[in-house]
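Number of protein chains: 2
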Amino acid sequence: MHAQLDLDTIRSVLIRQEETLIFALVERAQFKVNARIYQRGGMPIPNFAGSFVEYLLHGTEALHATVRRYTSPDEHPFFEQLPAPILPALPAPSPIAATTVNINARIRQVYEQHIIPAVCAAGDDEQYGSSAVCDVACLQALSKRIHYGKFVAESKYCRQPAAFAPLLRAGDAAGVLALITDAAVEARLLRRVERKAATYGQEIDADGPTAAYKIPPRLIADMYRDWIMPLTKDVEVAYLLERQHAPVSA
Amino acid sequence: MHAQLDLDTIRSVLIRQEETLIFALVERAQFKVNARIYQRGGMPIPNFAGSFVEYLLHGTEALHATVRRYTSPDEHPFFEQLPAPILPALPAPSPIAATTVNINARIRQVYEQHIIPAVCAAGDDEQYGSSAVCDVACLQALSKRIHYGKFVAESKYCRQPAAFAPLLRAGDAAGVLALITDAAVEARLLRRVERKAATYGQEIDADGPTAAYKIPPRLIADMYRDWIMPLTKDVEVAYLLERQHAPVSA
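Here the protein sequences come in this chain order: E and Z.
Using the numbering used here, you'd call the opening residue of the first sequence number 1 and step up by one each time.
Using the numbering used here, you'd call the opening residue of the second sequence number 1 and step up by one each time.
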């Protein structure tokens, strides 16, 4: 088994991604919802059909694509038809199968419709550029975290291929979902995330921590329970079902 | 006096920028120094004469310039000759004078030569893209924080113009520096920054905080003492000396 699929490695990557995501959300929570940055035509962008956030996300992805961000198996773009890399390809083989699974459209929908209204104060403070720059960071962190489900799934599969084989052959998505679900691990993750949100989101002055939070910690845990964990498991199931026809290269 | 120059407003902006900077540095500290991303010719980028970080920073600034980031008085680009904004100009008058003060070249030098080797483990982990994306966020946060000295200086000047007038007329930089320096405020800032670094940089598991830090808290306070505070005061002095000849528009 590829070293990147080792359980301790996967666990440490997932845990470290929690900080990245919490930091990004705390940054975004400085600004109000600013609904018009998510609306097509909400801001007058010449020669671009999407929203302000789509404009900035697309531009960022176009730039990052030139330095081969999306040739990495743990990165998934929100946009198609990005520029080719200007750097030579990396020789590293991917530890996961090359599938078509990419749920970024759903991730962006969940982010804009559910996460932003929960994390940010209602209203408009005209901080459109700052908000959208934070949105790009949040969306990239969410996408990376959720699509990391492919690594999780490959690792789970490699540990007990015989248990998965009949479910995959039968296309039994509910059976696969049951097999990849570990309630004890999920409960521990939610506790850890709430602790982190309480620590990293607290206001601090020269005398130490205060009782104020930039985002209520419970809200971050709820976001994991209601969105991030289910979407990750959707990626795991979709990946495994497609995997049968797209074997791992490494 | 413009509302943005109110002391409480300035204080809260500076305090909030500490989180942004600490979060960005904690993110960068995941990766090793990766010295080649700062070297011209360190990576083979076609048709670009600078380093890998310069390439990504320039591309990011070019994108952000199109959504008028650098028309805001609290934003300063690292590169010249960026594209014009595609959005209409904002009508808001600037609370500070239009000076030419921009010390980003020095900020980048300090960041690459002093801050990165302090914050990151020595060596090369090949995480060039991820490191450089973090560098862009760190450099933007540092630049914003340090150039916010212009707002600080304008506010200090407005509170006692008669005290500044003779020093400014005489071009007495040392006298201006002495007048803007408040040792008690600086000591409180260093205490607060160390508290924040201790909180936001600590490792946390499901049982709560552990004794481990992603960056030693003392190191963040040292960075403020040795670099951020002196550079901010340099901006304040340079701004005030130039300000006499470039009056505030608002």
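In case anyone wonders, no lab produced these hints; they're calculated from the structure.
Computed from a prediction, not measured in an experiment: that's the story for all the values here.
Among the hints, a few may not be true.
Heads up, the list lumps identical chains together, so a pair's fine if it works in one copy or across two of them.
[Stated by the list, open to error] Straight-line distance between alpha carbons at most 35 Å, and here's what the computed DSBU-like set of lysine-lysine pairs gives:
1) Lys-233 to Lys-144
2) Lys-214 to Lys-32
3) Lys-214 to Lys-233
4) Lys-144 to Lys-32
5) Lys-144 to Lys-214
These are the hints, each one checked on the structure:
1. Lys-233 to Lys-144: Answer is within; shortest intra-copy Cα gap is 14 Å, inter-copy 40 Å.
2. Lys-214 to Lys-32: Both ways: Lys-214 and Lys-32 sit 12 Å apart in one copy and 30 Å across, limit 35 Å.
3. Lys-214 to Lys-233: both (29 Å within a copy, 29 Å between copies)
4. Lys-144 to Lys-32: Classified as both; 25 Å inside a copy, 20 Å across copies.
5. Lys-144 to Lys-214: Both, since 24 Å and 21 Å are each at most 35 Å.
In this structure, every one of the numbered hints holds.
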